[in-house]
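Asker: As they're listed, the protein sequences go chains S, Z, Y and B. For the first sequence, position 32 matches number 32 in our numbering, and the numbering has no gaps at all. For the second sequence, position 85 matches number 85 in our numbering, and the numbering has no gaps at all. For the third sequence, position 111 matches number 111 in our numbering, and the numbering has no gaps at all. For the fourth sequence, position 103 matches number 103 in our numbering, and the numbering has no gaps at all.
Since the hints were made in silico from the structure, they are not lab data. Every residue gets a Cβ at the ideal spot worked out from N, C-alpha and C, and that includes glycine. Don't take every hint at face value.
[What the hints assert, rightly or not] Part of the chain Z face toward chain Y, derived, beta carbon under 7 Å:
(1) 54
(2) 55
(3) 57
(4) 221
(5) 308
(6) 324
(7) 337
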Amino acid sequence: MNITQLPYLKDIYAFLGSDVTAGIVGLLIIAAIVPLNVAFLVLVERKVAGHIQLRPGPMEVGPHGILQTLIDAVKLLGKEMVTPQSTDKLIFFLAPIIVVAPAFVGFVPIPFSPMMQIKDVNVGILLIFAFSSISVISILMAGWSSNNKYSLIGAVRSVAQNVAYEIPLLLATMSILIMTNTFKMGEIVQAQSSVWFIFYQPIAAIIFFIATTAETNRAPFDLVEAESELVSGFHTEYTGMRFSLFFLAEYTNMVIAAAMFTVLFLGGWHGPLFPGMIWFLIKTYFLIFVVMWARWTYPRIRFDQLMNFAWKVLIPFSLVNLLITAIVLKVL
Amino acid sequence: MLNPKTIDDTSIDQRVYTLNLGPQHPSTHGVMHLLVTLDGEVVLKVEPVIGYSHRGHEKMAENRTYEQFLPNPARMDYLSGMIFNHGYCMAVEKLCGIEVPRRAEYIRVITSELNRIASHFIGAMDYAMGLGAITPFLWGWDDREHILDLLEGITGSRLTYSYGRFGGVRNDITKEFYDGTRRFIDRLRGRFWDYENLINQNIIFIKRSKDVGVITKDVALDYGVTGPTLRGSGVNYDVRKMEPYSAYPEFNFDIPTREEGDCLARYQVRMAEMEQSLNIIEQALDHLPPGPIRAKVPRLVTPPKGDCYCAFESARGAVGFYIASDGSRIPYRIKVRAPSFSNLFVLTEICPGHFLADVIAIFGSIDVTVPEIDR
Amino acid sequence: MPTAEPTKPLENVRNSLLQVIPEAELRDRDYRECGYHLEVRLVMRGMRRVAREMKDRRFFLETITAVDFLEYFHLIYLFSTYNEASFRVMARVKLLPEVRPFSVWDIYSEAIWLEREVYDFFGIRFQVHPNLKRIINPDDANYFPLLKSFGKTKFTTDIDDILC
Amino acid sequence: MNTPSSAFTEYLTEILTGSKSLVVGLWITLKRLFTRIVTVQYPRQKLTMTPQFRGHIEAIRFDDTKTHHCVACGLCARICPSHVIKLQGEKVRAGALKYGHHYYIDFSKCSLCGLCVDFCPEQTLKFSNEYELVFYSRWDTVIDIMDRLEKSR
């Protein structure tokens, strides 16, 4: 008797092949891989910083310190989660949860290779933008509920910064979208099979890169946690695992930003010799390396200059770029 | 820069708040406490609160002999300990009328200038770190490390040298020190390009520093500002030139000045002074005279009755030792004129109207050491 | 060897100081021996006039300090100049312990903190000072550490013991 | 200079020079990324101390007597600014110089100024090269340097 002919098994197969299953399995994989990935990135960051600064970085735990961040994570897990007395307890508790969730969701539409995609959502790009905006709210919540002036200044800066930089970010993305006529990330990558969009849209690529750096609060735009002024910014009062959730979110957002840049401008999985997955990861990690490299090179920008830069440089340039793209597309 | 006077006074009470920068804060160079009144991110008032690292050096001096006070001056300004030590020895020598051998003077100048470079490295690079650039700071430490190694080779210590003695110095310089200093001069000259291009030309750095915290000549006079902070405002006052002491009149060097008076100017003055210090060291090594390194001085000096004021230039400005002696082996009163003390309070004048981030920048560019203020 | 010996400016400063405060006792001092060129000796008052005159001549206030002689203080003001003809003027004000000298804070802003330091260590209360409170010692301290009566220190009672 | 076109040129020039400076900065740090590290991995690698290095003080063993020359004059104890030296000696026979038996130094309070070494009339003091001085208790920092000399034999 053929077991596949059993009626209920058919349903099971249908269920296993459905989007829901793919989503659950994908999210589980993400949930497993993202923290490990972050641990790896933190190590890379410390190694890059170390070697730029002529020192070896972490060296003690494991060969060349490769287990350092895992040990740190264990340490953070074991730490007491202090809630200061004068905080707004509920918001203080919720903020680190809300910061992590959207970071995980951002992985759903990202095409790591033609097959490796949880769901090619037809509004994929918009989905990522929408969810990444939520992290601002959680930063504001963290800063507000901490009842600490440094945190509050950091949170307020964060909101202004994110509002300002979403505009050039979206405008730069728009230049790509009007070329591809789709929000689906898989199709955007397909469109770059011959020529990467970075060659068509170099200005948009630069603007997108700068704006994502600012969106993810990385140096030189890390005013939110500017440690020389604000001690530690919005997460000054957070300890233990709550603190590491903010950390997790920061690095995950960085990965998503780099992956988006890869999808939009660097041709996603396209590349010779290696399978698509490898190419995608190479491109993504290279971009992350560039972000880290920049962090250990530049001083921090001042708040008013940050705003001036967004409104006076990035937005005009991205608008002009969009206009030119539209005209060229229309004429051709 | 916003003018705080234009802010509407009626609403201000609800908007202003005070922020305690320090005493535990990443960029207040030790235990310094700035009480900042803010409106949003705009600074309305800055009040430095000092005294956290007061150790009572001046009272200590009244309880010990002149020799026993020797380790103390280096602990006031720990970054230019050699210069303070040199200055204290000079003050006592002036009081006692001790003639120092020329070789000892040359060695003192060499070590003091090396120490000045080390201190300026901290000053300039710490300013860069206050702006968020951490890498140049650590490179500066790397270069400074060579100076510390050199000084350790002859003094045996890395920070609080206690190297000078009345009438000379403790040890003669060695061949390794001589060659090592030569090598270091060449090495450092090659490094300035990196610093220039990494920091000084960087657009973010320029934007953060230009027209920030301008000290005019009048304000400088009003607050008694000295040192690189003053020379950034276009006044070429340097005790090494104005009241030449030790072997400085025998050397050919410039006093770098900038007219702007902002943070960038102060940073540039520090970097330019490092090059001048290298010139001085090179000349001193070229013409290092032979001879004894210590004059014949009794074990315990006994100055005559009288008082004297001895000014010298540390890495932060004009320091002065005022010593009153009653003719015994124990000083009656020693007063240290600390340049950081005078320079620090300029903050109250120039900070209002700037942003919070600029307070850190200005504070870093003035380059104070807290133990020297508190003494 | 170039010396920091003033020639003309010393005369000018001396003459104008004599005009402003005729009661002052002016002494030339040997720079090489004691590090300053001109000593202005005052009793109880006159520091404001000296400060005003020095400010007009573009001198900066190097420091304010005091020396305790048990029965009286010497309040010491050191002025120096940024100019090429650098020289130093010391104003030495003899002060009985209960006398409150006038503050010079409106002439030199730096004096606000220098005078606070003098108050903090010697208990000399300056008049019309805007904010005369402890600066380095704890706010609730009830002692003045640099007084000779504080702690175990030797003291000199002879007036010209220290001043040659 | 204030015409719109010149202001626009200025705006563009600033962006261009600014970008160039940023790229140059990246290039400088990239070069350093691949240079040799300069730090010393302390517990595994150690630096050799210079002969001048000032650790705590130590008695010198002289070849003629096979021991130190301390006569327990107490000059070092008197000159010490921190009063951390205590020493004890006795006359071996009448009329001879004293011989130092015990020489305690509280190293935790020593400021390493070197005055004791300078003032020693017998020049029997020197600085040790020891820098790995870790103790469990404050009392362990009180070292008897004569004892150390005996043990080092």
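Asker: Decide, hint by hint, whether the structure agrees.
Answerer: Quick rundown of the hints versus the structure:
{"no.": "1", "hint": "54", "result": "holds (5 Å)"}
{"no.": "2", "hint": "55", "result": "violated (10 Å)"}
{"no.": "3", "hint": "57", "result": "violated (11 Å)"}
{"no.": "4", "hint": "221", "result": "holds (5 Å)"}
{"no.": "5", "hint": "308", "result": "holds (4 Å)"}
{"no.": "6", "hint": "324", "result": "holds (5 Å)"}
{"no.": "7", "hint": "337", "result": "holds (4 Å)"}
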